[in-house]
Amino acid sequence: MIGGILDHVERVQRNVPLYVPPSADWVPYLYPPGYYWVSAFIAQFAPLVYACKGVSLVSTLVSATNVGILARRLGASHFWAALGVGLFFAAYSFTGYWYDIERCDALFVAMLSTSALLLSYESVASTVFAGALLGLSFFVKQPALLFVVCVTGALLVCGASVKRAFAFGVPCAIIMAVGAAALNHASGGWFWFYCFDIPAAHGMALEDWKVTLLPPLLKCLLFELVTLATFGAMARALLRRVTRKADEEDRRTLVFGAWLLAGFVSSVTGLLHPGGAHNVLMFWSTSACAATAVVATRLEANASTRSMPAGAGTSAAILLLVFYQLARFVYSPAAVSPTQEHVDGAALIAGRIQELERRGEVFVEGRGHVSAKRHLHTAAIVDLTVGGFDAPASLVSNIEQRAYAAIVLDKIDALKMRSPKQANVHDLLPNLLRNYFVSERLPDVSYPLIGFGSQPTWVFLPRKTPLAGLSDEALERRARIESTTAEERMQAAPTRVQGDGWDIEDGARWADANTRDVP
Numbered sequence: 001m002i003g004g005i006l007d008h009v010e011r012v013q014r015n016v017p018l019y020v021p022p023s024a025d026w027v028p029y030l031y032p033p034g035y036y037w038v039s040a041f042i043a044q045f046a047p048l049v050y051a052c053k054g055v056s057l058v059s060t061l062v063s064a065t066n067v068g069i070l071a072r073r074l075g076a077s078h079f080w081a082a083l084g085v086g087l088f089f090a091a092y093s094f095t096g097y098w099y100d101i102e103r104c105d106a107l108f109v110a111m112l113s114t115s116a117l118l119l120s121y122e123s124v125a126s127t128v129f130a131g132a133l134l135g136l137s138f139f140v141k142q143p144a145l146l147f148v149v150c151v152t153g154a155l156l157v158c159g160a161s162v163k164r165a166f167a168f169g170v171p172c173a174i175i176m177a178v179g180a181a182a183l184n185h186a187s188g189g190w191f192w193f194y195c196f197d198i199p200a201a202h203g204m205a206l207e208d209w210k211v212t213l214l215p216p217l218l219k220c221l222l223f224e225l226v227t228l229a230t231f232g233a234m235a236r237a238l239l240r241r242v243t244r245k246a247d248e249e250d251r252r253t254l255v256f257g258a259w260l261l262a263g264f265v266s267s268v269t270g271l272l273h274p275g276g277a278h279n280v281l282m283f284w285s286t287s288a289c290a291a292t293a294v295v296a297t298r299l300e301a302n303a304s305t306r307s308m309p310a311g312a313g314t315s316a317a318i319l320l321l322v323f324y325q326l327a328r329f330v331y332s333p334a335a336v337s338p339t340q341e342h343v344d345g346a347a348l349i350a351g352r353i354q355e356l357e358r359r360g361e362v363f364v365e366g367r368g369h370v371s372a373k374r375h376l377h378t379a380a381i382v383d384l385t386v387g388g389f390d391a392p393a394s395l396v397s398n399i400e401q402r403a404y405a406a407i408v409l410d411k412i413d414a415l416k417m418r419s420p421k422q423a424n425v426h427d428l429l430p431n432l433l434r435n436y437f438v439s440e441r442l443p444d445v446s447y448p449l450i451g452f453g454s455q456p457t458w459v460f461l462p463r464k465t466p467l468a469g470l471s472d473e474a475l476e477r478r479a480r481i482e483s484t485t486a487e488e489r490m491q492a493a494p495t496r497v498q499g500d501g502w503d504i505e506d507g508a509r510w511a512d513a514n515t516r517d518v519p
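Position 511 of the sequence shown, counted from 1, bears residue number 511 in the numbering used here, the numbering being contiguous throughout.
For the record, the hints were derived by calculation from the structure and aren't laboratory data.
Take the hints with a grain of salt, since some may be wrong.
As a list, the in silico DSS-like pairs of lysine-lysine whose alpha-carbon atoms are at most 30 angstroms apart [as the list claims (entries may be wrong)]: (1) K373 <-> K53; (2) K416 <-> K373; (3) K416 <-> K464; (4) K163 <-> K219.
Kindly produce the complete structure, drawing on both the sequences and the hints.
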């Protein structure tokens with residue numbers, strides 16, 4: 001989706017609205033505009049890709065610094081605070097290698113962790129700034145709402161003054177409410193549609209928990225243990241609050257525990273959300289790294305008060321657990337580092353798209369920022385249809401009218417729309433196969449290293465005459481014959497452009513009329 005992200009930032013640079021009615025030219029992703037705004041501002045002084053990636057890299061360094069300082073503020077020793085920072089960097093693989101890519105998550109986590117750090121200073125001024133920053137983070141990613149609720153509730157429950165709770169919650173609420181209202185008004189209501197209506201329509205894929213939730217949870221034993229330990233400390237602090245024995249440490253435990261709770265819940269729900277990826281684990285793992293340092297320091301101190309051997313044994317046991325967790329996070333940098341093959345593959349795809357554009361407008365569904373004219377990304381179409389909304393009418397019309405000089409798809413059935421919410425979502429595949437034929441199979445090149453694999457593969461050109469009257473099964477049969485021929489030609493000459501492919505259409509028509517056993 002990074003190409004699509006660059007398209008978003010490019011629209012901000014050009015002062016073109018992000019949230020507009022769905023069309024063949026544009027459907028935005030389901031994120032607020034904060035990351036796009038920041039990246040577009042930096043892009044005034046640096047190339048677009050460097051600006052977008054730079055925002056994520058700087059944000060990651062800010063988050064790492066915040067982990068160490070926050071751990072120290074909460075009572076962790078220098079040693080364990082440093083180890084918490086090390087765990088943060090080690091979790092790069094656990095969180096899907098998302099720290100440095102052109103996405104909003106790193107910036108969002110940096111804003112969350114900075115807000116948590118500001119709140120730890122407990123002055124009214126730092127509390128106001130913490131609330132304001134958390135409110136602004138909502139315009140980077142929506143899970144900020146959960147942090148607002150949890151942390152404000154903790155401030156009210158933990159015995160902090162009502163004045164401080166209001167100092168945090170009021171600026172946070174004002175910024176979110178006023179900002180959301182302004183964006184919604186400016187976009188004619190489309191901001192709310194894309195950032196709230198569609199995500200809400202997706203719901204939760206609870207039946208897939210064994211596939212989406214269980215594997216990452218099995219990989220982070222340390223984070224689970226320290227999270228449970230922190231929740232236990234929160235329960236103890238609440239009990240002391242009820243009995244009016246709470247002290248400053250209890251109040252800090254409750255507030256930090258609220259951050260950890262919000263991070264854990266937002267990560268779990270994010271994984272269960274259709275389309276969720278491991279990047280959402282950053283919301284939990286960052287707080288868990290600081291919690292590891294705090295819990296380890298407290299356990300070590302408690303054991304040392306009993307006897308020196310007990311303290312040494314506890315320290316050794318915690319270290320073994322930390323090293324076990326580090327071992328679980330180990331990855332090969334070579335496996336996720338771009339190579340010359342990736343550079344050449346990207347150039348091959350871009351070059352072929354440019355050649356096709358000599359014919360006219362080219363629609364590339366699976367990779368943004370490649371065609372001369374930007375289009376909606378396949379992920380945006382999926383977002384609409386999974387939510388039960390129809391594909392843009394202009395896209396349907398463009399395909400039926402054969403308005404595109406070429407269409408390039410990752411998979412032949414990439415435009416086969418499926419919606420668990422609504423049975424009558426427009427299926428684009430029959431329209432495509434009726435009006436376009438498979439003319440070329442692009443050579444295999446390196447898939448993206450991060451996220452969902454995207455590989456522009458099949459080139460479709462307009463048919464001479466649309467295939468009217470054929471059933472969906474007959475259309476798919478014709479496409480199989482065409483794709484088989486295109487595949488054979490690519491295998492025979494993978495470095496040569498296969499031509500206009502008109503003979504493929506003619507040959508498939510003949511084969512379809514004279515055979516009945518094509519697989």
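Against the structure, the hints come out as follows:
1. For the suggested pair K373 and K53, the alpha carbons sit about 23 angstroms apart, so the restraint of at most 30 angstroms is met.
2. Distance hint between K416 and K373 is fulfilled; the C-alpha atoms sit about 23 angstroms from each other, no more than 30 angstroms.
3. For a cut-off of 30 angstroms, the pair hint linking K416 to K464 stands: about 23 angstroms separates their Cα positions.
4. Distance restraint check for K163 and K219: the Cα-Cα separation of roughly 42 angstroms exceeds the 30 angstroms cut-off, and the hinted pair is therefore not satisfied.
The structure shown violates just one earlier hint, number 4.
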